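*Asks:* Listed below are the residues making up each chain.
Number of protein chains: 2
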Amino acid sequence: MAKNKKIVSEITAMDVDFAQWYTDIVKKAELVDYSSVRGCMILRPYGYSVWENIQAVLDKKFKETGHENVYMPMFIPESLLQKEKDHVEGFAPEVARVTHAGSEELVEKLVVRPTSEVLFCEHYGKIIQSYNDLPKLYNQWCSVVRWEKTTRPFLRTTEFLWQEGHTAHATKEEAEAETIKMLNVYADFCEEYLAIPVVKGQKTEKEKFAGAESTYTIESLMHDKKALQTGTSHNFGDGFAKVFDIQYADKNGELQYVHQTSWGMTTRVIGAVIMVHGDDSGLVLPPKIAPTQVMIVPVAQHKEGVLEKAAELQGQIQQFARVKMDASDKSPGWKYNEYEMKGVPIRLEVGPKDIEKEQVVLVRRDTREKIFVPMAELATKIPALLEEIHQSLYNRAKAHREENTHVATTYEELQQIAEEQQGFIKAMWCEDVACEEKIKEDLSVTSRCMPFEQEQLSSTCVCCGKPATKMVYWGKAY
Amino acid sequence: MAKNKKIVSEITAMDVDFAQWYTDIVKKAELVDYSSVRGCMILRPYGYSVWENIQAVLDKKFKETGHENVYMPMFIPESLLQKEKDHVEGFAPEVARVTHAGSEELVEKLVVRPTSEVLFCEHYGKIIQSYNDLPKLYNQWCSVVRWEKTTRPFLRTTEFLWQEGHTAHATKEEAEAETIKMLNVYADFCEEYLAIPVVKGQKTEKEKFAGAESTYTIESLMHDKKALQTGTSHNFGDGFAKVFDIQYADKNGELQYVHQTSWGMTTRVIGAVIMVHGDDSGLVLPPKIAPTQVMIVPVAQHKEGVLEKAAELQGQIQQFARVKMDASDKSPGWKYNEYEMKGVPIRLEVGPKDIEKEQVVLVRRDTREKIFVPMAELATKIPALLEEIHQSLYNRAKAHREENTHVATTYEELQQIAEEQQGFIKAMWCEDVACEEKIKEDLSVTSRCMPFEQEQLSSTCVCCGKPATKMVYWGKAY
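So the sequence lines, in the order shown, correspond to chains D and X. Sequential numbering of the first sequence, starting at 1, is according to the working numbering. Sequential numbering of the second sequence, starting at 1, is according to the working numbering.
Among the hints, a few may not be true.
In this list, chains with the same sequence are indistinguishable; a pair is considered to hold if it fits within one copy or across any two.
Pairs of lysine-lysine, DSSO-like flavour, derived with a Cα cap of 27 Å [what the hints assert, rightly or not]:
1) Lys126 <-> Lys466
2) Lys226 <-> Lys470
3) Lys353 <-> Lys330
4) Lys60 <-> Lys288
5) Lys324 <-> Lys126
Rather than coming from a laboratory, the hints here were simulated on the basis of the structure. Predicted model, so just to flag it, every value in this text is computed and none were measured.
Isolated chain D, as found in the complex (with noise of 0.2 Å):
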């Protein structure tokens, strides 16, 4: 019992070194394992549970919203990556490349997808005529590839799951009002179920995606003070079209390009949940995410009527909320530890005084707090508790950023909080590169993004003194 109790809770704390501790953590909460690929993770039954839920509410959203699932295939046609100038020496560096298949040596060699851009764009050129055939809205789930020096699972990792939305429409502004429809779905979703809030706002030409024509970004802010790009939506008017002769046949008869759109959410935002709300016990998870939200541990268990109790509440409440209870043979103060390491948003106690009294103790892992419930009232009270951890969970995460986004007006503030207080920087500039490069180099913190709430923080770029036309938010990110 003592060794296995150690083990759990054998994890470096934050505040001595936020990179060990989230690497303890990934690996002690069981979420992800190495395999012998450098920079590929397996996702371990805990961690792709976590992905599943996800994946199960961006899935209804993106329906809810018009568009469909489709797959498309794994390999690239090196020439085919390479039609779009910009889009392949963005991605080309870290590509994959399959040379050879079963004893032959390919005559053109394949990449596997980093993203699928040209896939979609080579489809939907044979796929749309007519302005009838607009738009196409769909989507793919799968995963991607790129080769990164460095890897950190969820964060950086050569292969990662995700989703990919890629639309066609008929109009530059319908493209535009996708691509602001699927960030708000983003922003939403981080908001109303990871209880991560979220600045929404547009990449600077120097940031954007390879190949768009603007990109729109959700960045959070991490416990360490860092920021995370947290999902994108790209406008790509209409290149793509012309590059690939995407046309369509308007209500005149005449040829137009189509104007089009992706958007990305992957598997680092569960890099997001573990950094926003983790702790030194461990992970803590959103309750509206986590695989299990409430769980049973019954106490003095060999007492008689004890687990018989302790089952039937089970039942009671797998009818409103994700429930499993540890039986086994372990101490309960091992268990304690172990669902505090794994960030289950309840724990339930139930024991021979408690099933005297009709009651049982709830404790909540975020605070830690211990409350006293009537068996009767487990319907409405579990419930009730989930929201409340819920909203509690953004709260604090949106007091943290409040507290740690900080103002320059001036250069040295600028430099003054890079280097001392972190964060997120607001801070005005001339939308010039060369002083987005300066800052860059200088400080080591880069754009974030513009954001959609735009302030006059000050009528001068925070680097050159020309005058300024955006508030941008700076940062260190991941």
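Mind docking chain X on chain D? Use the hints.
*Replies:* Just chain X now, with coordinates in the frame of chain D:
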């Protein structure tokens, strides 16, 4: 209108050219499109939606039987694949190899998974220590790649979607029970959801999976009298465990090798659905996996009240069936053809006269039968009709299989049936691979399986005349 109508009805008749009929359907029903990589197909929304319905049912069955989903990397180091001799011999000739990534040539070449036994073995070797860790019941949904010389949509493609279950058990008996249990899950699924009757049995030594101790299979008979292997389940014994050193401490603290299984079902079953149920007007989908179960076609929809009533009916029907309405300006005739091609089980026609009589017309896709139903009875009549269509499809497929299952007790009979009648041929066998090979070479039929339901057709092998030990189903196969 006329032009559109012609396009959808232009498919080759089954009896003229079955292979062309098949290809026409997958294209015209918009199930798949070809990509620019040979043998890789695009699953279009309609085809993918069938797969999503299949996934939903199977995934639920897997979870109900205690399995958990995981995700393993798509890349396998060559050295890892080579560890198990039979396994690598079976798959090496058809793997895609990644030799370069980014700008570098890889020191250790990678293969794209053709199946993931070795990855699960490596992982199990790390996470299994004691009997408490067993059984491990994992499954994953993913795509795999096998470089095929000739390909056909769904039936044989370079990349295909599937699920692969991989389990580890303490004993030989538990592994065998799991293997049979999952075969039964597949068999029940085919019969209860796809309306496809199957023969359950064991593969011969020659036909079993590379590295398995025994392979079980479900075999079904297509409209053209060829067999299709629809799902397989393998018992590996402790063969892989010994190679990968997967041991656990039993209750006495002694190290034991685990016993493993794997089992898989692929998008190939969609090919079976097409070839078992389809007809000269297109696809015929079994109701339980049809993306749309009821398609409403308003008649004289420009007349007052028709579209409103049709929409009202749609609202009612969606409470108990997957329903869509086509209110486009295409003619009813075009729509009839289109949804027959797409195999929608029930067409609901409603026009001014029907509204007057408070009735609708239901048209069965499978029999073309027209049924007049009072609007007030749709909530009982439609579910009952969907069930009846399922049963009717199953019965028709079973009758077809029975008509085309023959008995051969002499080699002359076997030859005559193989050449003239085809279908399944039941015949006795001595279990000598030489006879199996001679039959394959002479008659181009292979052993499909040794069915669980054995019969004593005669006492001698149909090939060599020596004492027979097994009854075998023989046939030409996809």
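*Asks:* From the Cα coordinates, with 27 Å as the cut-off, is the pair Lys126 and Lys466 best called within, between, both, or neither?
*Replies:* neither (49 Å within a copy, 59 Å between copies)
*Asks:* Evaluate Lys324 and Lys126 at a C-alpha cut-off of 27 Å and name the case that applies: within, between, both or neither.
*Replies:* between (50 Å within a copy, 26 Å between copies)
*Asks:* When no copy is named, should Lys226 and Lys470 be tagged within, between, both, or neither for a Cα gap of at most 27 Å?
*Replies:* within (22 Å within a copy, 68 Å between copies)
*Asks:* When Cα atoms must be at most 27 Å apart, do Lys60 and Lys288 count as within-copy, between-copy, both, or neither?
*Replies:* both (14 Å within a copy, 20 Å between copies)
*Asks:* Please work out whether the CA atoms of Lys353 and Lys330 approach to 27 Å or closer within one copy, between two copies, in both situations, or in neither?
*Replies:* within (20 Å within a copy, 71 Å between copies)
In this structure, the one hint that does not hold is number 1.
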